[in-house]
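Hints given; two lone chains; assemble the complex.
As you go down the protein sequences, you meet chains V and R in turn.
Under this note's numbering, the letters of the first sequence match residues 237 to 350, in that order.
Under this note's numbering, the letters of the second sequence match residues 1434 to 1549, in that order.
Derived by calculation from the structure, the hints in this document are not laboratory data.
Computed Cβ-Cβ distance ranges for the label pairs, DEER-style:
#, chain 1, residue 1, chain 2, residue 2, range
1, R, N1492, V, V298, 33 to 41 Å
2, V, R251, R, K1485, 45 to 53 Å
3, V, L309, R, E1441, 34 to 42 Å
4, V, E294, R, T1484, 19 to 27 Å
5, V, S241, R, T1484, 23 to 31 Å
6, V, T253, R, E1509, 44 to 52 Å
Glycine is no exception: its CB is placed at the ideal position from the N, C-alpha and C atoms.
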Amino acid sequence: SAVISQKPSRDICQRGTSLTIQCQVDSQVTMMFWYRQQPGQSLTLIATANQGSEATYESGFVIDKFPISRPNLTFSTLTVSNMSPEDSSIYLCSVVVLAGETQYFGPGTRLLVL
Amino acid sequence: GDSVTQMEGPVTLSEEAFLTINCTYTATGYPSLFWYVQYPGEGLQLLLKATKADDKGSNKGFEATYRKETTSFHLEKGSVQVSDSAVYFCALSDLGATDSWGKLQFGAGTQVVVTP
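Chain R with its partners taken away, still in its complex shape (with noise of 0.2 Å):
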């Protein structure tokens, strides 16, 4: 079946540093792929997208590229403010299963603490 895989946390990371978090996926059809943050005591908010490969979904200076060939969505940012510390999650919805249309299969989440 479908998975998500991303690397495990925390991160820790000094204001300004650059930011990475790997993401790797398995799916048997054609899948979307996502990038949502939770801020501490909230829900999930979307942070970016892209629905087919070399397709690169960007948003508050996050961006992160459909890399079909290795599987692969990883969240960059160049420069990261203590606004930026949350869980992020990589998740999949794979419109071309018919037994798990609109489904999104979430990574495990990486925490991401920025100190200033």
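Here chain V stands alone, though its shape is the one from the complex (with noise of 0.2 Å):
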């Protein structure tokens, strides 16, 4: 298993602003993804975090509102760009341990733009 860790918890933010969300972990991971959880809703794939390169997006999101780094095995930061109401949600990173395929989730940041 890995463990890991997000900062900030949980913000408040006002509208148009950006807020940008950390995610480390304890060991070396293939891979790193981010997720969006709206409120009372299931998880959506936000993007796959490459290290040391652009990450791969899913239909719906664009690097230009959530640009995302990973500049190394154990940590990737999500940006949330030009907030609005509607990017109030849970942002949770997971991940997939070398050699596994299994994918462990941080505890995620809850995010509230007014």
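Structure follows, in structure tokens:
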């Protein structure tokens, strides 16, 4: 398994601003993902964070709105840009540990946009 | 494409009752199947998994069997406790699909409420 931390754990932001969420893992992992969970909904994959290259985005998500970095095997950031109230969600990172297939999730970042 | 369908909630039970949450899937490759649990105010925790047909995953009194013939992975627990109140997500990962390797496809989630 893996121990995953996210910062911040929650935040309240004003519309039009941006927030960067950090995801740190205690061991090297093969894959890192970012998900969004809107209130009362299931999880939707935003993108796969690729080490040293541009993230791979799912349909409906774009780099200008959700820029992602992954400078090494244990760290990634997701930025939610130019926020609107519709961006109020829980944002979760997940990882696949080396040689495994199970995804482990961070505790999530609860974002409220006013 | 791959998809997961699970029964709608909320499911309300009394303590010590039997719990079943139905989950069926469609996949083009050879999926692994998972149940995740989300307790109030928390992130997702892996509850159990099964990687091939007829495998049974189990943890904390919960069980689910990978049934390829019925494309199902129903979650069961014989005697629930108040502490089992949570949202349960069924998910699949299709390692045989080259364009979605490692990605999880989630069901809608089923809220379970256990009353004393």
